[in-house]
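There are 2 protein chains.
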Amino acid sequence: MPELRKDPIIGRWIIIATERGKRPSDFIVDRNHVRGGFCPLCPGNENTTPPEVLAYAPPGRHANQPGWQLRVVPNKYPALVIEGEIGKEGEGLYDKMNGIGAHEVIIETPDHNESFTHLPLERMTQVFMAYRERLVDLGKDDRFRYVMLFKNYGAAAGASLEHSHSQLIALPILPRMITSELEGSLSYYRYKERCVFCDIIRQELDQDVRLVTQNEKFIAIVPFAPRSPFEMWVIPKRHASSYVDADGETLKSLAAIFSECMRRLDSCLPNVPYNFVLHTAPLRSSSLEHYHWHFEITPKLTMIAGFEWGSGFYINPVAPEEAAKFLRNADLTEQPKP
Amino acid sequence: MPELRKDPIIGRWIIIATERGKRPSDFIVDRNHVRGGFCPLCPGNENTTPPEVLAYAPPGRHANQPGWQLRVVPNKYPALVIEGEIGKEGEGLYDKMNGIGAHEVIIETPDHNESFTHLPLERMTQVFMAYRERLVDLGKDDRFRYVMLFKNYGAAAGASLEHSHSQLIALPILPRMITSELEGSLSYYRYKERCVFCDIIRQELDQDVRLVTQNEKFIAIVPFAPRSPFEMWVIPKRHASSYVDADGETLKSLAAIFSECMRRLDSCLPNVPYNFVLHTAPLRSSSLEHYHWHFEITPKLTMIAGFEWGSGFYINPVAPEEAAKFLRNADLTEQPKP
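Those protein sequences? They're chains A and B, same order as listed.
According to this note's numbering, the first sequence is numbered sequentially starting from 72.
According to this note's numbering, the second sequence is numbered sequentially starting from 72.
Treat the hints with care, since some could be wrong.
Same chains, same names: a pair is fine if it fits in one copy or spans any two.
Taking lysine-lysine pairs in the DSSO-like style, the calculated list, with each CA pair at most 27 Å apart, reads [what the hints assert, rightly or not]: (1) Lys-167 x Lys-308; (2) Lys-263 x Lys-159; (3) Lys-93 x Lys-323; (4) Lys-77 x Lys-147; (5) Lys-323 x Lys-396.
Calculated from the structure, these hints are not laboratory results.
Let the hints inform the model, and build the full structure from the sequences given.
Listed below in structure tokens is the structure:
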């Protein structure tokens, strides 16, 4: 019998269509390639992007020249623009404002063919450090209230460039995802006087059926009510509402578990398109007792493009407990790259 | 400059990336075909579907035999099952219940090659009558709280069969889309003592910049803060919270405006994949002052598969006022079918 499950944070119900009992090999992974050709993110092409806002490179390297290991640049085709006033305005009953914001690209590697999943630990740690550095910096601009940080990998997940990169969009408003989570976790806190994410961690460690892996500072789980098959959440064990407060050791530990999760996913579903999104407290908010930062990793396996995004109602053909089992049992010995 | 706009009902912000100023012809319409081959929805194959729950046919026709104009059958591979108890249960902090529900397919035409868009008015009216009839019938089962009624057209919008059909899923819970709308419209009502949809109708008729078309009983608009380019909402002018209360004349009028909208869309973007979803009050709810039923039609043109569905944050490259202009100016003389 299929099962209906409710996300304990935002109250989203999903259908686990267990009858369909899919295994990883049952999925047709959409490996449509991202357009190749000239790559603006490769070393030597630094002049084809807007000037960098951050780079990790050995001393002595000149800005916007090769030699970097990681580079952050404004998006050449930004969804929002950095210059101007917010200009909040009504139009009858409607509300609008100028599209002020920042849209940046985090180039995770100089090597066009190196994937995020297979980055060495030290360099993956750099990626997470760069995220923090940009969030801290953009948080100084009090026009911005939130930074959406995300990665699209593969054409089916929305990537338009092959070269490994993530993106951030600094926004003058709170996106609905975060307001729903803040509200949901606050009602839970008011009722229980505990953080819902801390309770999830306790229950997942105790039940041990949706746990993918853990290390000293993090756990990775398949959530109880996932929208997509093989969805994973990476959550710090210690309560913290904002990513910007994570210290160097924490980010190193994050890189270790994240890398492991990505390799487990890649082993189950080679080269699967995916997204991940950082969920963190709004910029400059004080430490929140009810909210807990985390990453959500969602492989793109089912047709979630149409009806589901309009209705907020998802059908998942893989029970999270099954998905966790596959991910836990994944073979992590080096695979030939596809 | 791009613009940020807020949906007045559920508070979802979207970016109108006006700079990109796309015209209909700039979109690469994904016309990937739905799998052909044997069609279980065609006349003569009635025995390959579960027995019908409704059919419109001339008198004298036997059930589950050819001769019908419209036929409603349970989905052979249902997401939810009709038999059983709800069985609400906790699992630590999590909530779940059995996947009890109904999943039905509304076969809109016996002709495999006839499209919904080009149905004659009388037969499109039948489709809307069938929707109402199924909603009324399923509303008698007090295990169900909501019926999601929707259509997926084209592979990119999630259709898996070519033959023109829509679907419904009767649910023992309220999907998030509807709880958000009920809550949002209720806060508006508490503040203004007016229905937000009625206010939208007044403002759209007055401003006349996002209006696509209207008739005696309905308006069709491009909403102020649409998630997708060329999105349209069809709203009854007279306040009514539930679709099941619409009378025959209203459904005839609905068919007329819906047909016109679909032909306008098809003229701008031939054969574009799309979804539509009925938004209506929960089953058996009394008449609600703050809620107003309507349809939302969303063409599938942008990559909304990845980041956006996870974040609830959408980027729309076409200003709604521009989209409305294209749709208003569409050529409605008969097009050769693609």
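field: Same-copy or cross-copy closeness of Lys-167 to Lys-308 [CA-CA at most 27 Å]
entry: between (39 Å within a copy, 25 Å between copies)
Homo-oligomer pair classification [Lys-147, Lys-77; C-alpha up to 27 Å]: between (40 Å within a copy, 25 Å between copies)
query: Can you tell me if Lys-263 and Lys-159 fall within 27 Å by alpha carbon in one copy, between copies, both or neither?
result: between (37 Å within a copy, 21 Å between copies)
- prompt: Checking Lys-93 and Lys-323: alpha-carbon separation at most 27 Å within a copy, between copies, both or neither?
  reply: Close neither inside one copy (34 Å) nor across copies (43 Å); limit 27 Å.
- request: If the cutoff is 27 Å on CA atoms, where do Lys-323 and Lys-396 land: within, between, both or neither? Let me know, please.
  value: So Lys-323 and Lys-396 pass the 27 Å test inside one copy only (26 Å; across, 53 Å).
Checked against the numbered hints above, the structure breaks only hint 3 and satisfies the rest.
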